[in-house]
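A.B. asks: Below, each chain spelled out in residue letters.
There are 2 protein chains.
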Amino acid sequence: MENKKSDFSSWYNEIIDLSGLSDKRYPIKGMNVWLPYGLKVMKGIDRIIRDNVDISGFQEVQFPVLITRDQLSIEFEHVKGFENEVYWVTRGGREPLEVEMALRPTSEAAMYGMFQLWVRAHTDLPLKIYQIVSVYRYETKHTRTFIRIREIHFFEAHTAHTDYDSAEKQMVEYRQIWDQISSELCLPFVVDQRPDWDKFPGAMYTLAFDTAMPGGRSLQIGTIHQYGENFSRNYGIEYLKEDGTHSYVSQTTFGLSERLLAAVIGIHGDDTGLIFPPSIAPVQIVIIPIPSEGADTDSYCSRVSQILSAEGFRVHIDNRDNYTPGFKFNEWEMKGVPLRIEIGGREVRDNKITMRLRTGGDRIKCRIDDLPSEASRALASLKEELRRRAFEHFERSIEDGNSLEIMKKGETMFRFYWCGSKECSDRIEGETGKTVLGMQKENENKGKCLICGKDGRVATASTPY
Amino acid sequence: MENKKSDFSSWYNEIIDLSGLSDKRYPIKGMNVWLPYGLKVMKGIDRIIRDNVDISGFQEVQFPVLITRDQLSIEFEHVKGFENEVYWVTRGGREPLEVEMALRPTSEAAMYGMFQLWVRAHTDLPLKIYQIVSVYRYETKHTRTFIRIREIHFFEAHTAHTDYDSAEKQMVEYRQIWDQISSELCLPFVVDQRPDWDKFPGAMYTLAFDTAMPGGRSLQIGTIHQYGENFSRNYGIEYLKEDGTHSYVSQTTFGLSERLLAAVIGIHGDDTGLIFPPSIAPVQIVIIPIPSEGADTDSYCSRVSQILSAEGFRVHIDNRDNYTPGFKFNEWEMKGVPLRIEIGGREVRDNKITMRLRTGGDRIKCRIDDLPSEASRALASLKEELRRRAFEHFERSIEDGNSLEIMKKGETMFRFYWCGSKECSDRIEGETGKTVLGMQKENENKGKCLICGKDGRVATASTPY
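Protein chains in written order, with the numbering used here: chain C, 247 to 711; chain Y, 247 to 711.
It is possible that some hints are incorrect.
Repeated chains share a single entry, so a pair holds when one copy, or any two copies, can fit it.
Unchecked claim - Calculated cross-link-like contacts (lysine-lysine; reagent style BS3-like; alpha-carbon spacing at most 30 Å):
hint, residue 1, residue 2
1, Lys374, Lys289
2, Lys387, Lys374
3, Lys655, Lys286
4, Lys275, Lys374
5, Lys598, Lys687
6, Lys326, Lys275
7, Lys487, Lys270
8, Lys250, Lys415
9, Lys692, Lys387
10, Lys374, Lys270
11, Lys270, Lys289
Calculated directly from the structure, the hints in this document are not laboratory data.
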């Protein structure tokens, strides 16, 4: 396998192939097949997302994939932002359609006409819904599995509120939900408020969660958007207030995608292969028998598996007889299983367990009676270790951009003081080749703009995927 | 609400609206919005499907929605069967696409090029996969929610085997899986082997599961198909046999859709509203407090809810204070919740429970200590009652078609003897307006063809949806 540090891009493609996450040989570029193992991991991520938005009062819905040209054109900035990357359906059977229809690139235009029907009075608010669906972008740039593709596995939450302040509170709730999700996935990030020229088409402002991939490029792994009344005025989403007058709703959205999986692969993996956080690992614990004269390893494996399954662990016994234990060790390490249990003659004889974490370290030995708690403890420590490594890597991946020269030469992300102007951003991008991702929302530090010397705040620049 | 017997079609549309399953006001005809309640029920059905195919060794995958014209054209009968009802994507952004692409109407053409890459040797077989995705048909007929629509929630299983006999064994396994699924949903059916002129485009033969909807029309709620080598020869899906020679695989498929939900709604519902089998009810037990002077019904409700939730029941307490108990009874009956618990002063004082089944009958009283087991028993008896009613209705819905006159006048499905010829089928269809659905696969009776008098077997005719 490729070395992750020296050639991340090749490593990334190779591990996706080897571990059976996705098959990109489908005849349409940028549209890949989700293989069973990859789909299981993605569903694990979806489960974490659902669990967290469900308890916050969101309801799951599913809108049609097609959006008429009329629907899409209602909000001008929005259609302008997407019309160059939309797939158009123009024919049904052999006949041209009377109305051309777009494959959703995102679902504002699909949803907000219905919001207009659903929202009547203040008692209907807040309206909080989400869907997990495929969205489509006609990408003309180089495609890359889970990162830049044409059919995207997408989570989108949409809300409507009585006023701007309530919508702002929703933005805070999103931020908390994101803390939970990113924490389960052990993913570090910085919150960048996108510059006005780079915000979501139609939004008042956009906050993005940017992480650092190996090799130094940044990856946007989530966004939350404040729409204010930009859409509601165009789609006519009004409600009756308690005082008998009418008002437009304020709206927000929260978007996530399979880029979360890309980040998990890239940030946690190593030269041996994938490493999955326990919460999304399709197999959390693999049990491998080491055949041993006179010992019934098979029934001991079953017993161990039953004990663990009963406690809710996702367990797999690899009892294929045409592969050596060493081959199996390598294969399951490559596939990112967090914990391995090895069962040989000694374990059977002594009623013991020997475990090994995917992140390394000594073998852990315990009595079979202590198994579920010891396995829990081991998985928790793996999660901590993944988080520690990831945050350490992230620290190293953002450097101080004290001069244009440093930012031009560096292969990391950069933090620097910026006044917020387009002029200074253009100069930075022109001279360093890096993109200004925006002001760091949660960093209060103040300083002089790297370019113009005026008052500024901490901003992020990088080569984004 | 409409009377179900006297105007099923209006009843059906009205209950879907009232209960909040689906919203058909979306601006594209035949493309509806899955509302939270409807999506939960459909996911319940999906869960039953997944549970049953997963334990049979199927693996879940997800293929792209787009299929190039070239992919689709590889099997001639197949493309001929679908080309009049396919949506075509012809433009990306502002540019015409070099290659036109279809929204999948079904996924044979998407999958089998990949099968050709995946299947190398006999050790790769059987290959058993499935996906649950939306498929698209440009319907020109009148659309109807969950029955005839343009964006269909679809389950499709696809297999490849070493030879025809193994594929036939798969057909038997499908039949057993279908027994489990239909049994959970309490749906009766007859297995009709579609006439050659009505089989799936590209199949050697098609077995359909046909049920009877109120009003007498039949509804095809599932199909299994034997493809033999029809697709594998065209897509080049060959494998290396143990003896060193190569052979084409034999293939099968199994298809289900949201029509299962249509059948559940239509067959189990009554003039009060929906009735869901417990396995798919989003709320299995609703708890309604009856406010009573001096009794803390709220905390008793919470206690009951906790006891039931801990045992895995899906429970909801309706403690809205702006609605009367009577209003709540009606609403939850309309929404099809199988079991209701009423908690008033007497229940609190005596540590008792009062329950009522959605299918009627006396109120059930028990001590709170007996609650989980009594609730299980009640739900099991509701399921039995649904099944009994459904099978009784089904019995009444298929009559003997002893003459063309009877079949012409009748508003039910019919069984009759048929020789299997196209000529006799055409005559039946021409004179009665009914469609010949095919020979009843599991009925061994023999008799003389209603039309020509030659040797025949039992066939089914109806007005299908």
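A.B. asks: Decide, hint by hint, whether the structure agrees.
C.D. replies: Hints, one by one, checked against the model:
{"no.": "1", "hint": "Lys374 - Lys289", "in the structure": "both (22 Å within a copy, 20 Å between copies)"}
{"no.": "2", "hint": "Lys387 - Lys374", "in the structure": "neither (34 Å within a copy, 35 Å between copies)"}
{"no.": "3", "hint": "Lys655 - Lys286", "in the structure": "neither (40 Å within a copy, 53 Å between copies)"}
{"no.": "4", "hint": "Lys275 - Lys374", "in the structure": "between (35 Å within a copy, 25 Å between copies)"}
{"no.": "5", "hint": "Lys598 - Lys687", "in the structure": "neither (51 Å within a copy, 56 Å between copies)"}
{"no.": "6", "hint": "Lys326 - Lys275", "in the structure": "both (25 Å within a copy, 26 Å between copies)"}
{"no.": "7", "hint": "Lys487 - Lys270", "in the structure": "between (52 Å within a copy, 27 Å between copies)"}
{"no.": "8", "hint": "Lys250 - Lys415", "in the structure": "neither (41 Å within a copy, 46 Å between copies)"}
{"no.": "9", "hint": "Lys692 - Lys387", "in the structure": "neither (37 Å within a copy, 65 Å between copies)"}
{"no.": "10", "hint": "Lys374 - Lys270", "in the structure": "between (35 Å within a copy, 20 Å between copies)"}
{"no.": "11", "hint": "Lys270 - Lys289", "in the structure": "both (19 Å within a copy, 29 Å between copies)"}
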